[in-house]
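Asker: Below, each chain spelled out in residue letters.
Number of protein chains: 2
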Amino acid sequence: MTKSKTVLIVAGGKGERMNTDIPKQFLEIHGKPILMHTLDVFQRYDAAIRLILVLPAVQIDFWKELCKKHAFTLSHQIVAGGQNRFQSVKNGLEAVINSGLVAVHDGVRPLVSVETIARCFDAAEMHGTAIPVVDLVESIRQLTGNGSQSVDRNTFKLVQTPQVFDGEMLKKAYEQDFPPLFTDDASVVEAIGIKIHLVEGNRENIKITTKFDLEMAETLLKFEDLKI
Amino acid sequence: MTKSKTVLIVAGGKGERMNTDIPKQFLEIHGKPILMHTLDVFQRYDAAIRLILVLPAVQIDFWKELCKKHAFTLSHQIVAGGQNRFQSVKNGLEAVINSGLVAVHDGVRPLVSVETIARCFDAAEMHGTAIPVVDLVESIRQLTGNGSQSVDRNTFKLVQTPQVFDGEMLKKAYEQDFPPLFTDDASVVEAIGIKIHLVEGNRENIKITTKFDLEMAETLLKFEDLKI
Chain P
438 MTKSKTVLIV AGGKGERMNT DIPKQFLEIH GKPILMHTLD VFQRYDAAIR
488 LILVLPAVQI DFWKELCKKH AFTLSHQIVA GGQNRFQSVK NGLEAVINSG
538 LVAVHDGVRP LVSVETIARC FDAAEMHGTA IPVVDLVESI RQLTGNGSQS
588 VDRNTFKLVQ TPQVFDGEML KKAYEQDFPP LFTDDASVVE AIGIKIHLVE
638 GNRENIKITT KFDLEMAETL LKFEDLKI
Chain V
438 MTKSKTVLIV AGGKGERMNT DIPKQFLEIH GKPILMHTLD VFQRYDAAIR
488 LILVLPAVQI DFWKELCKKH AFTLSHQIVA GGQNRFQSVK NGLEAVINSG
538 LVAVHDGVRP LVSVETIARC FDAAEMHGTA IPVVDLVESI RQLTGNGSQS
588 VDRNTFKLVQ TPQVFDGEML KKAYEQDFPP LFTDDASVVE AIGIKIHLVE
638 GNRENIKITT KFDLEMAETL LKFEDLKI
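Protein chains in written order, with our numbering: chain P, 438 to 665; chain V, 438 to 665.
Read the hints as simulated data drawn from the structure, not as lab findings.
Some hints here could point you the wrong way.
Pairwise CB distance ranges, derived in the manner of DEER restraints [stated by the list, open to error]: (1) P:K469 - V:F615: 49 to 55 angstroms; (2) V:T581 - P:E465: 25 to 31 angstroms; (3) P:N591 - V:Q480: 32 to 38 angstroms.
Note that beta-carbon positions come from the ideal geometry of N, C-alpha and C, so glycine has one too.
Please model the complete structure; the sequences and the hints are all you need to start from.
Answerer: This is how it looks when you write it as structure tokens:
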């Protein structure tokens, strides 16, 4: 039997990095706020998926106003985030009752494809974990104590979201204390000894953190191949 | 005294990856072929820089026709490339008489900024080597024998071009036999025991290898902040 599905969409941006008063998750691309695009794509993947949006407490009223303004009626639950991403995910998990499969997704990745989401959930159903990755197309160097060195880029992958896990496993992983090296949910789960299963992401699935990314996302949303 | 400056612009694309008959370096963005944008930006950096374009032998006539068609009159020398990038750079270096400082740049990186080029040449004048790098904005994982593991992305940098070196040093490095792990010029130079100096690149300086990149480049060239 297929497990129930939940996605925690985590948006913690305060708008500092892009030098704007409006946190980046609320900036408009293609006529509506980034977060609405993100919620929409999960709903397109599966109309029955449970959508939980984790937002800084101070932004919740603003978000509700935005939903009214844009006549955005897609049903979703709102949870107040914490001091950092780890705490925000933890708060989101407390709202997950029927665990099943739980995805954690960056609110500022509106360009994830339905196919990527499907690959992640399908693989997590089979393996318990699944995260989307893509090849590095540029060389990378590793910083060392007194300089840097070439490394073989073919042995590395860029990590995206949604990261999908068995819900009980994810909850257990988030019972750990918060260490500074938890850069994503996979690293949190990995720290309790679980192996992470990799699936193919989609290159357009960029994380919007700068004005440069915003311009790219705008273009990509217009790009006919995406059919969004 | 300031050293003489040369840039080898290396374009080896055969057009296979983008499923087009025209090699990617000749595709038009913003009204003219990518390679012309690339040549132009180096000339804007320093009108006295020597421009050497390394092209597959079979593409040279086509390029000359393109230059006529676009009334592209910027003076540059054309050198026939080799079987792989290593051999192409080596061929280009044979055309460098007065070594001074030599930059090697990917033909399909038209969005390098004049400031990035200046930082590379200035640092190479002082240190003998300089390559532009930018932060990784996404998590990366390292593939291991039987899976993969989280790594700290803050200890890695994405590598761009132009990579600038003392010309004699670069020629010496290219006397080595070609090993498969030479992913960029810095790794070739590093293999003869030279330390590589890192400077800040610019994020827009993407390598155009897919249709996705081409769309981004088109947008970025229109982006007023770039003033191109």
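Asker: Output the numbers, in ascending order, of every earlier hint that fails for this structure.
Answerer: 2
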